[in-house]
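**Q** Please construct the entire structure, taking both the sequences and the accompanying hints into account.
Protein chains: 2
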Amino acid sequence: MAVTTRNNSDKRVIRTKKAIRAALFKIMESKDISSITISELTTLANVNRRTFYTHYNNITDILDETESEIVDAVTAIISHFDSGSLVNSTYTLFLELSKLITEQYGFYFHLMKSDFRGVLVSRMKNVLKASAGKILGHFTITSEEKYVMLMSAFINGGFLNLFLEWNKSGQSVSIETAAKVASVMVDFCVKNVPEITDTLNKTDFTKK
Amino acid sequence: MAVTTRNNSDKRVIRTKKAIRAALFKIMESKDISSITISELTTLANVNRRTFYTHYNNITDILDETESEIVDAVTAIISHFDSGSLVNSTYTLFLELSKLITEQYGFYFHLMKSDFRGVLVSRMKNVLKASAGKILGHFTITSEEKYVMLMSAFINGGFLNLFLEWNKSGQSVSIETAAKVASVMVDFCVKNVPEITDTLNKTDFTKK
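Chains as they are written, first to last, in this note's numbering: chain L, 238 to 445; chain A, 238 to 445.
Watch out, some of these pointers could steer you wrong.
Copies of the same chain look alike in the list, so a pair counts if it works inside one copy or between any two.
Claimed, not checked - Okay, derived cross-link-like pairs now, DSBU-like style, lysine-lysine, Cα gap no bigger than 30 Å in a straight line:
hint, residue 1, residue 2
1, Lys-268, Lys-254
2, Lys-439, Lys-366
3, Lys-254, Lys-336
4, Lys-362, Lys-248
Think of the hints as simulated: they come from the structure by calculation, not from any bench.
**A** Written out as structure tokens, the structure is:
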């Protein structure tokens with residue numbers, strides 16, 4: 238009996254949070270988040286003020302929660318990343334990321350399209366950084382560590398921006414084309430770490 | 238006489254805005270922006286509520302104004318970008334960007350380090366996009382336009398992220414090293430657009 242009660246209460250929490258989120262995203266379509274009040278949010282969500290404060294401290298907590306879910310899902314996708322076949326893995330990673338965003342968080346990305354919260358992008362980059370460390374790790378034999386760290390930032394930022402720009406462009410080219418370009422670019426940069434290092438060591442910049 | 242009055246009044250506006258900004262950045266060190274009220278801001282800035290509303294509609298307007306200044310400064314730097322010597326230009330661009338941020342907007346970037354406003358990054362990317370269009374434009378002869386658009390997103394995102402990550406790392410390597418890696422990576426990707434296109438045309442991804 239206790240379990241049933243617990244389940245019912247869990248379900249109620251999920252339902253309440255869902256209502257609050259839906260209401261927030263609805264209001265955000267016409268208002269800047271900083272000017273939304275708890276009162277108008279709870280009124281639209283048909284939830285008590287006190288219930289709101291049981292789950293959240295403020296409105297941005299709701300965004301944080303949504304983004305944590307997204308980051309967890311991205312982390313799960315990346316954990317299956319196989320550095321053995323880089324070009325195929327990047328291709329699959331791109332497709333799965335798109336699927337996640339289109340099917341499950343489409344509304345959120347639509348909302349955030351023109352004013353992405355930097356914190357989400359940062360967190361997604363951190364996840365990518367961890368996987369890039371795995372792949373680029375062995376290049377510290379052929380290249381200096383400081384170079385590898387910066388190259389990795391370039392490659393991750395490139396991958397993520399290609400994804401964001403493709404999403405922002407209203408997905409003007411097919412997902413397969415976007416995934417193909419992303420994977421070939423990543424693969425090309427990673428495979429050429431030794432050559433790029435060589436160029437770095439030879440290039441001399443005369444300061445003006 | 239009228240001119241003197243005008244000058245004095247301009248100076249007063251600048252002084253008022255400066256006080257409001259300084260107060261906001263001070264409060265932001267310990268508080269999330271969404272929970273800052275106009276009252277505490279004007280109290281700390283020692284400015285009337287009505288004066289505040291003469292210049293701004295809400296608190297995020299202050300961030301928008303600061304970021305517009307940053308974007309204008311970045312645009313000015315990029316307008317001198319010379320696509321003739323890509324590797325040297327990117328190097329100089331990186332150095333000048335860092336100088337701007339360190340010397341003039343250091344406080345802002347320090348504040349935003351862990352939670353960058355996506356809108357600023359977006360606007361900086363748009364500026365970079367315009368210059369990338371100039372450079373990559375002629376590659377549409379050797380590559381399909383849709384590929385070039387995506388490659389450009391990759392290169393811009395890579396450049397910007399290398400810059401942001403370097404800044405975030407507490408500038409753990411010298412600015413010259415970071416600028417060198419950024420410029421060699423950009424140059425390497427751009428110069429190899431024909432080869433990457435070739436790979437793209439040959440690579441076949443079998444969908445699972």
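**Q** Now, for every hint given, state plainly whether the structure supports it.
**A** Hints, one by one, checked against the model:
In this assembly of identical chains, Lys-268 and Lys-254 lie within 30 Å of each other by CA distance both inside one copy and across copies; the values are 20 Å within and 25 Å between. Proximity of Lys-439 and Lys-366 under a CA criterion of 30 Å is satisfied in both settings, with 27 Å inside one chain copy and 29 Å between copies. Only within a single protomer do Lys-254 and Lys-336 lie at most 30 Å apart by alpha-carbon distance; the minimum there is 24 Å, versus 45 Å between protomers. Taking the closest pair of Cα atoms, Lys-362 and Lys-248 never come within 30 Å of each other, the shortest separation being 33 Å inside a single copy and 42 Å across copies.
In summary, the structure is inconsistent with hint 4 from the numbered list given earlier, while agreeing with all the others.
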